[in-house]
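Trainee: Chain by chain, the residues run as shown.
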Amino acid sequence: MATETASPSIQLGDYIVIQRQKYTKLQKFGSLDTTATLGKETLELKSLLDQPYGSTFKMSVKETKPGKRGAQRQHTLELCSETELNSTREALGISSSGADNRDICDNGEAQSLKSADIEQLREECNESSKIIEKLVENSKTFHNRTEYSQEKYLRKKEKKYFEFVQIRQPTIRLMLDIFYRQDAEKIMGIRVDTLSQIISYSGVCGLGSYLLYESGTNGLLPAAMLNSIGAGTEGSLVHMHPGNVPQKQALLALKLPLEQQLRCVSVNLYSVLREFYQGGETIGSNLSVTEPTEVVREETQPETPTEDQPEAIEPSTKKPKLEEVKGEANKGPPRWQLENKRATALMHNKFDSLVLAAKEHPSSILQALLPLVKPSRPVVVFSTCKELLQETYMELKTSGKVTGLHLTSNWMRTYQILPNRTHPEVNMSGNSGYLLTGYTLR
Amino acid sequence: MATETASPSIQLGDYIVIQRQKYTKLQKFGSLDTTATLGKETLELKSLLDQPYGSTFKMSVKETKPGKRGAQRQHTLELCSETELNSTREALGISSSGADNRDICDNGEAQSLKSADIEQLREECNESSKIIEKLVENSKTFHNRTEYSQEKYLRKKEKKYFEFVQIRQPTIRLMLDIFYRQDAEKIMGIRVDTLSQIISYSGVCGLGSYLLYESGTNGLLPAAMLNSIGAGTEGSLVHMHPGNVPQKQALLALKLPLEQQLRCVSVNLYSVLREFYQGGETIGSNLSVTEPTEVVREETQPETPTEDQPEAIEPSTKKPKLEEVKGEANKGPPRWQLENKRATALMHNKFDSLVLAAKEHPSSILQALLPLVKPSRPVVVFSTCKELLQETYMELKTSGKVTGLHLTSNWMRTYQILPNRTHPEVNMSGNSGYLLTGYTLR
Amino acid sequence: MSFLKPKTHIEKGDVVILYLSVSSMHAIEAVPEIVNKKGETIPHIFQTNYGSLKVENIIGVEYGSRVELSKGWAHVLQPTPELWTQTLPHRTQIIYTPDISMILHQLEVRPGAVVIESGTGSGSLSHYFLRALKPTGHLHTFDFHESRADQARDEFRRHGLADFVTVYHRDVCNLGFTEELDGQADAVFLDLPAPDLAVPHAFKALKLSGGRFCSFSPCIEQSQRCIQELTKLGFNEIVSMEVLQQESVVKTRTLPVIDLEFLKLPKSEETTTTTAANAEESKAPKEVKKYLTSSNPQVLPGHTGFLTFATLPPNIPKV
Amino acid sequence: MSFLKPKTHIEKGDVVILYLSVSSMHAIEAVPEIVNKKGETIPHIFQTNYGSLKVENIIGVEYGSRVELSKGWAHVLQPTPELWTQTLPHRTQIIYTPDISMILHQLEVRPGAVVIESGTGSGSLSHYFLRALKPTGHLHTFDFHESRADQARDEFRRHGLADFVTVYHRDVCNLGFTEELDGQADAVFLDLPAPDLAVPHAFKALKLSGGRFCSFSPCIEQSQRCIQELTKLGFNEIVSMEVLQQESVVKTRTLPVIDLEFLKLPKSEETTTTTAANAEESKAPKEVKKYLTSSNPQVLPGHTGFLTFATLPPNIPKV
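Residue numbers (this note's numbering), protein chains in the order written: chain A, 72 to 513; chain B, 72 to 513; chain C, 10 to 328; chain D, 10 to 328.
Any given hint might turn out to be false.
In silico DSSO-like cross-links for lysine-lysine, where the CA-CA straight-line distance does not exceed 30 Å [said to hold, decoys possible]:
| id | chain 1 | residue 1 | chain 2 | residue 2 |
| --- | --- | --- | --- | --- |
| 1 | B | Lys117 | B | Lys133 |
| 2 | C | Lys63 | A | Lys257 |
| 3 | C | Lys241 | B | Lys228 |
| 4 | B | Lys421 | B | Lys227 |
Calculated directly from the structure, the hints in this document are not laboratory data.
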């Protein structure tokens, strides 16, 4: 990454981030027939193939189908140059603006174009700047508005008619934005400041062995940690989860090199703990515990990168069918057993930090996992429920096993910085969640 | 108040606010011999008498006494004109400033004046601008500092040597600032935003009858409510407290007209509740319950305005002596019984809102006082402990006696707004406390 | 007339708050009949999410009572400025209780005070000023938008507050607060796009014995210019701040507590080799624990405005 | 060398965190002897509030162990950038973990990244960058203050990080980040009084395939000018924010619960007329209840700085 300068190109099987103005969406580009839906617009993705990431494409209406919530438009995409991306405002060259809004009476009849006119305009005319020009021409109040109010109007219209999308390669930053905006609950409400601090306080980096328990973040937490562990490094991650199949969407979307992917071992919490306490006797005694990665690599290679992704996206709703389980069993020990073996080997060597993001009460999980962490190592516990961390704080303080305890949360606010119009954004996110951090003692 | 234009003058017995730059202090001007202590400076107050509030006085060193923490200087005060108050910066006319601080090595030897020199300078020279001028002259690094850094230096020095004090009349705003800064615990940690909201949500104003329970705020809460009730209006306040003697400092400091003072009835919580439930039979049956104010006014007049203030300031530590109690008893029913009678009359008529600021669990107090509030009236409960209000919230919600329940706190931050140096202040207060608000139902 | 003083029963003509839930309340006028669009007088029926209310029926009812709707019930409350702020017809962006409370405190408004306000806007803040200064003070409120001034004047009259307020239609930035008010005000409040232009007028309007000043501005540049002007004219105690109220959502949460200790003990009889990992989970003993918790709502107000306060000291010459 | 990777035991020359309490910790160098002011070699004795530590004794000890002081004890921890930030010798104002974490996240720093930082300052942020980008990336850090650059260079060497960092003494606002770095950086971070002057240099230093930018400024005007410059040069995704970490102080509080019900019942025998009101109080039954509570400390950090982030999109021509 340090030396590459050309952007990688978009490939089938990739997860891509589609951006239209400030709206972003994570989409799997599974086949040439794949379409993506952005509100009322459906985009055919086939022209993306082999184009470099970061490119901008122009949407052209191909057909309009009546849908439940108004017309649904199908678009083709065409690669376009930077010069086409002029600001709508410049194109329109608005100049005369009223000094204030005292003469404006908002009676809802300011726009003389009917909505049918606008819909027709939209099919005929591919460029948002042209559509907006027409709207401004037919607005009775536009030229009496203040400059501020004009800009607000233009931005609103531009958002609706903007005809360009950019295709970007998923990163932790972009995916977190998307996940948090779409449904913060699916990533346990982990906000950007909190995720960034989990990474800092846990100390996860290219060297060391890390332990994570999370009860479901769409793969975001293991992906963020594995991203910090890096490609071509020595770090490893044991990722414990309470379900059947780990949630891995964010991990897969990062398109990490295989060697890096394999350094994340995902295991069921109960299963691996039983294996750890009692394992080696009942099953898999033919596997070498000291070199588990070699054995597993061959096992996992065929199914890892892309093909099983649809299943991995929403694993909690699907249970492996009996046939599949039997099928795997015929080939040798099932994959989860091999992963358990690899994980227990790392567990016996102990970890360089522990991250815990549980929907359950963290206390009993912490009790089970804390002995697996070396002394003088960070522990980070995330919860949306402060009351749980208060209890955990007191337990840890009393136990004397962890020092430097801090229970923290964050206040984060973004700003609008514009000439003469600088102010904090009027809405802010209310919940960062809470972090309990400390360092293990011998 | 609406028509007066000349400022009232400073009288013996007044509480006064002494302001030196941003530092303010509440002081009783009890006699001509009264002195006030501001850090290492002792001020003789006698020259304040009959001068208008808002005046500025110049401090002149009269003598220097060695004290435990260095020299303690005794000053006389002299009324001075506005023109003497030039900014130190203008007087010095600093011009050349380094562009940044890359050439400054802070080795602690920048000032060539010794501290004895400075002390001597201080006795000889009455004007801070002159002292600072000398300090700047003898500073090796001052002219290499950035303008920002120079100003910071000057402000620090000005603060130390500033020779003017302003005498202001106490208001709720000024007293709250002083109390909160000096010892927020003594006013139960009620911050400015919270107090302002207690006044709003309780709806206390010139019309109506209000009920307050507080377990000790130096008189601030009853003073703020009585201030909102106003002079020459119809409102009244029953102020319940858990101690022997109500804390009244802030109330006395406001120097309200007597008729207004008398509309605040301060009673012990236990005592008045017993009187309310069982009263009328055992004692004071000779008192008219319907017109209690007339009777009490005569009783309280001689001891109200100023003379008993030293006791009122810290009442919790002193218990009335047996003699005093007996003495009062000889003159007729003790004052607290008369106050109880007045309060119970108001309690039987019910109140137009309830404010509760308890160090105890608010729940049982609320249960006892809520039946005294008319329907469709505000209830405001303050606590520094959110957990208590959570419980109270749930109890009230379940009871169905109060609707529109909100549990709130505030985030408040002040700003430094200066050309090219605008930013929020680097420290902020962490605790506003919590308010539980709602409206009673029938 | 229900804003004048505390009342016990609903009278004809009162504004009444119909309280359905924390997020749903309405201000309705307690009149039995209204005139519809066709000019006909018809019974006043108010529609809610819980069905309709025949408004005639609430006249004479005690405030705080429960009233029946065709598909449910609601409570009738006497309006306060706080409830009014949440239900009033928005004609402009309004300021809410947390900022308003700070404004009243910092401006030291109490009965008898003479206060100047500009602009009147939706009259939300005016109602708070009026509660605080009546029955002995007076509010002078200015708006440059004629219809807003007219609407506010009419509203104050209907709310029984006309005696304590004068509403002006006037461009105060250019024309000031009228000569009659020179040296009359205890406090001046500005909510204007260019507060700095009105600061010299505020200076003139404040009493010779001094007074308090406040400007509310959404953008920091407005505050910066305002403060420059205040400093120039000799105001002191200049303080700028933000106040954001944070609601706590109180609820009982049920949380799973998982037991992992049993995993240290060998399994008794079950076979392990052929069942999938999830078999473990389904057998894991789970209890739940209840917690009374509170948390912020997902979205909080992030900004309302910057409040700038200042004092005009006494005896500053005004020429 | 204790910053290079996780270690189990203290070796000679390690920086060790001597942890006494949340508010008291020290970074000490694990060397048995030091040279005093007179140039004599003496045993390294470290003084704390809980007595002295003979530093020689901790060499070879396992990290996380308890060590005895002459009047108490402490724990020895391996330094992390977080602990180092709290104990390092302050040469300038420093940025703390909450802002730094956001900076690392937004700049998408991971192993292999090439990062440019200016100024180096006390090296607090540099240690975080180095942890995140090693062992395959590189940090180029610039300071215009020569002694600070020298001190930082020396510190990185002693911390075992020299291979991953180059320290420059250079005025980047006027001279840029050196031609060698043109088009080399994945991310640029600025903490400068006039960040707008360095934005064109950041633009040149970022890779043709694009990259991320961050500026940290205490004052809003710096951010405003910086954003103007970023916009002019074609940066997008421009976002400004503040992050403030709030600590919760957890403690068990004992609160009195008072009973008032008994007052409804007539007193049994006691006389009431001659005793003062406080007699009631002393007889009132009081229980106490324990609550596990948390609250903010009395004073919180109110401002650290405004963080401005931006993206340089790919393939923007640099001439």
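Trainee: Holds or violated: are the alpha carbons of B/Lys421 and B/Lys227 at most 30 Å from each other?
Mentor: violated (55 Å)
Trainee: Holds or violated: B/Lys117 with B/Lys133, Cα cutoff 30 Å?
Mentor: holds (14 Å)
Trainee: If you draw a straight line from the CA of C/Lys63 to the CA of A/Lys257, is it 30 Å or shorter?
Mentor: violated (46 Å)
Trainee: Sort out whether B/Lys228 lies within 30 Å of C/Lys241, counting only the CA atoms.
Mentor: holds (24 Å)
Violation of the numbered hints given earlier is confined to hints 2, 4; the remaining hints are satisfied by the structure.
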